Every structure is written in structure tokens, then in C-alpha cells.
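Each residue of the sequence shown is one higher than the last, beginning at 1 in the numbering used here.
For the record, the hints were derived by calculation from the structure and aren't laboratory data.
Just so you know, nobody snuck in bad clues.
Each computed DSSO-like pair below joins lysine-lysine, with the alpha-carbon atoms no more than 27 Å apart:
{"id": "1", "residue 1": "K42", "residue 2": "K8"}
{"id": "2", "residue 1": "K9", "residue 2": "K20"}
{"id": "3", "residue 1": "K50", "residue 2": "K28"}
{"id": "4", "residue 1": "K5", "residue 2": "K42"}
Predicted model only: the values in this text are computed from it and were never measured.
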Amino acid sequence: MSRNKIRKKEIIAYEEELSKGPFTDEIKTTPFEESFSDEEWKFFLDLIQKRSDAMTEPVDEDKLLVG
1 MSRNKIRKKE IIAYEEELSK GPFTDEIKTT PFEESFSDEE WKFFLDLIQK RSDAMTEPVD
61 EDKLLVG
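Model the full structure from these sequences, guided by the hints.
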């Protein structure tokens, strides 16, 4: 496989599958992740960041509860 072309479709599908869970605190790379080029890593991390940004809800200071 030419390293000049990144596997966008495969990486998008992989990230979508990961986002469904189950979620763990375990930190290790999968064999698929280990095969990423530097450019593919950047693309993958950008996808994760976009999903994270989309899931973050802004805090409404007027609705904060103080105990």
C-alpha cells in the first residue's frame, strides 16, 4: 500500500466503532493503530477531537447547583 494515501474510510469506520464503546481506562494501541502512518495518526486524532468537541455541552452558570 502506498503510504502517500491514507486509509480515510477505514479510519473513519474504526473511530465510529470505537465511539460506541465499551469504554475503558486501558491505554494501549491496537494492531490497526500500530499500522498508522504519521499522517493517519493526525487524521485519527483530529476525528477523535471533533467528536469530543461535539459532545461537550457548554456550562450554563445560571443553572449551577451549589451544595
